[in-house]
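S.K.: Okay, here's what each chain looks like letter by letter:
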Amino acid sequence: MGLVSMDQPQLLSKIATGDGHGETSSYFDGWKAYDKNPFHPTKNPQGVIQMGLAENQLTADLVQNWIMSNPEASICTLEGVHNFKEMANFQDYHGLPEFRNAVAKFMSRTRGNRVTFDPDRIVMSGGATGAHEATAFCLADPGDAFLVPTPYYPGFDRDLRWRTGVKLVPVICESANNFKLTKQALEEAYEKATEDNIRIKGLLITNPSNPLGTVMDRNTLRTVVNFINEKRIHLISDEIYAATVFSHPSFISIAEILEHDTDIECDRNLVHIVYSLSKDMGFPGFRVGIIYSYNDTVVNCARKMSSFGLVSTQTQYLMAKMLSDDEFVKKFLTESAKRLAQRYRIFTSGLTKVGINCLQSNGGLFVWMDLRGLLKEATFESELELWRVIIHEVKINVSPGVSFHCSEPGWFRVCYANMDDRDVQIALQRIRSFVVQNNKEVMVSEKNTKPCWHSNLRLSLKTRRFDDIVMSPHSPFPQSPLVKATT
Amino acid sequence: MKLLSTKATCNSHGQDSSYFLGWEEYEKNPYDNVHNPKGIIQMGLAENQLSFDLLESWLAKNPDASGFKRDGKSIFRELALFQDYHGMPAFKQALVDFMAEIRGNKVTFDPNHIVLTAGSTSANETLMFCLAEKGEAFLLPTPYYPGFDRDLKWRTGVEIVPIHCTSSNNFQVTEQALQQAYQEAQKRNLKVKGVMVTNPSNPLGTTMSRSELNLLVDFIKENKDMHLISDEIYSGTVFSSPNFISVMEILKDRNDFNNSKDADNIFERVHVVYSLSKDLGLPGFRVGAIYSENDTVVAAATKMSSFGLISSQTQYLLSAMLGDKKFTKNYLAENLKRLKKRQNKLVSGLQKAGISCLESNAGLFCWVDMRHLLHSNTFEAEMELWKKIVYQVGLNISPGSSCHCTEPGWFRVCFANMSEETLKLAMKRLKAFVVESTGNVNGVTTKSTKRNLLTKWVFRLSSRDQRDQQEER
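Sequences listed follow chains Z and R, in order. One point on numbering: in UniProt numbering, the residue at position 305 of the first sequence is 305, and numbering is uninterrupted. One point on numbering: in UniProt numbering, the residue at position 211 of the second sequence is 211, and numbering is uninterrupted.
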């Protein structure tokens, strides 16, 4: 239907014709490879296994059962259709009160009831994607910037920047201390931005972290709160993975610091939480995004903006019913954590058997895998080379650390909760074959299941490279934090 | 350094407009025939509540669609995970078929050129982001839907320059008005990226004529970097002649007629916005769409739809509903019948109160002429009258100034969002108010009533494309 108008650049906006949508990132290349050749156990057993998509598919049966036992929760069934008209007609951007109440309660439950949330501060959005964009529109003007600890979710480049004109300034976190966020890193990033004449409006943290799968400890959260208050900048805490934490240490929400750590001075007008049901409940298709702000003006503004991405009332109604079923929620959260823990154990022990270690984590739907030992050189080019091998030869889509803006090459995010048990085994088998094939010096036998740090050193492709890797500052030394148990 | 963004602290969200203030007053004191019979009757909300029973009976007959099932098997998991911004293929197909059916199948739409959005609110904003830079402008005929001030301008930074339409020719768009608007934009140093129309019109309730549409297409043909957006959200509410003519039909006709290739790439510069909020009466489900033959626009808008996708649950339900051709045929016909009947009731009720309105054939509202009730031909007088109507008469209607009308005295009054009894009551209240304020309605001719009768006569004689005047009233 005519030529694409690239030869008429004035016809469309810069936003439309540029690549601010971020889809040229390698994060999406893997998806494309998967889309062209998707794995299926029977129809396409040689296809690419998708491990680049952070979805929670482990608890669908629980929800399905609930839906079948609660037909009145749908406005379309015989039992629920008497509410159809009212729901179909309801477009108030405040959202259904029962929906907000149920979400507030659920958010509290996922934080062990240690804090409560005010339903009137809950604002809907088109998924967390919409929530982030709306928050950026409310807090920052074009040209302003947010600090973001690396590594971070690639989607932020689009969500926070594309149509808003806001910038992102990375706060470098390193493997040397398990990628923990430090005051020093924050100060350094802030100072550099100030020197470059970039106006910082806020700090965005994801806790539990994507892609690390770790939770922020209390000290770090306190440091963060002190930092943003001192600098008078906003804090956005993306807590989308709150209920995916399956073992200790517990998840601590920023809300808890506000409520309980009263020794710290904190201006609540600076604090905002982004949430969604996409990860905790496994409903990305339903587009339930939430902005929770302690700032009244932001609540009002975001609420008006929510017109651009309201949650379908059909979905609001269903969620209201489901999330207010206390018994179900309790059972769901317990069972979900159990299944995630089990899946994590199976996957990471399978990896350890072939000498692959991951950052120790206890949440999220993925692991942060350390493949630095497999790199030809400690460069991002090598990382991408290795990544292409993983996609095209091992046939697994994983996400390279460079797409998460990681400062160190060799890390990969691998999702494990978006498939069934059998497919996990197939993936592990492929990884095993690949490692064995490429490492003629592996001493680890099939029977040796103990994690052995020695094996890390033997994952190099050639002896010579082995030396390089041992001597490089990024190699996994015996006292590497990856090996010792951390709390 | 100020704490929040400029967008958060300004009022470009447009919510200080009287359009929204009336809603607020209604919220404080809503009419209920049992609990609050003296409350304010909502006539400011363009909703279609006339045909829910048809939807409900379809649901009753189609338990699979309602219950996350396909062929009896649960597809809950599949739906819960479906977040592909390309949208559900079955839904897009059903939607384009529905859009074609509304246009009497005179045009067809390619599902690959549809972008799904969270309501037309999101569709319109997304188009602005795709077609214009901050500070550039679109021309819009007045009066226009107040929500556009927010949807098109707020977060995009795009400007709206009005094309002034007047009652002298039933508010049709003229070449002169269009050129004047363009000049105005030049004066204000605004680069014009195109024209946006709502057809059928909100708030006029009229369909655009073939000559108006051709005028607009000619305009963007000449100005090769301009776009034409046609918001056709009310396309399924055209209940009497003349028939609805979509801009896509005009393009097709011109293309066929010329038998030439699209040398001016007109097809790539015309975009249609749609939604199911008005035709199907489902505003709560947030179903909007952009249709464009421009691949770059479709690609960019599709990515932007990430910020407001349609819930998969809703896509699935509607793909089944709209895919049921027997249902859609019956629904469209019956819905129009009911809309026509209800519009007639409003018009005759208004007439009994000595009030006339712009002759209309579509929409969920009438464009009502209350100029004779103003004590002066000013917007202050219009506001005064509006306040009386909201607080004394107890009707929330939308004043023309909130729609950027250039002439004071016009009001948009909705008729499809209430029961027949409520409408009757509203008319009764209005008549009582008019009698009280003007002394009389029919019979004794005061100066204002004389003017009113003359205006009515003028309206009756003016024709839109020589259409039949023997409408049932």
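Hints are computed from structural coordinates only; laboratory data are not their basis. Even glycine gets a Cβ: it sits at the ideal position worked out from N, Cα and C. A couple of the hints might just be wrong.
To be verified - Not close to chain Z: a few residues of chain R, all C-beta gaps over 10 Å, as computed: (1) Ile102; (2) Lys106; (3) Arg269; (4) Ala333; (5) Tyr391; (6) Glu420.
Said to hold, decoys possible - Covered, in the sense of this in silico footprint (three residues per stretch, anywhere, with C-beta under 8 Å from a C-beta of chain Z), are these stretches of chain R: (7) 2 to 9; (8) 49 to 55; (9) 117 to 123; (10) 305 to 314.
S.K.: Find the hints from earlier in the document that the structure breaks and name them by number, from lowest to highest.
M.R.: 3
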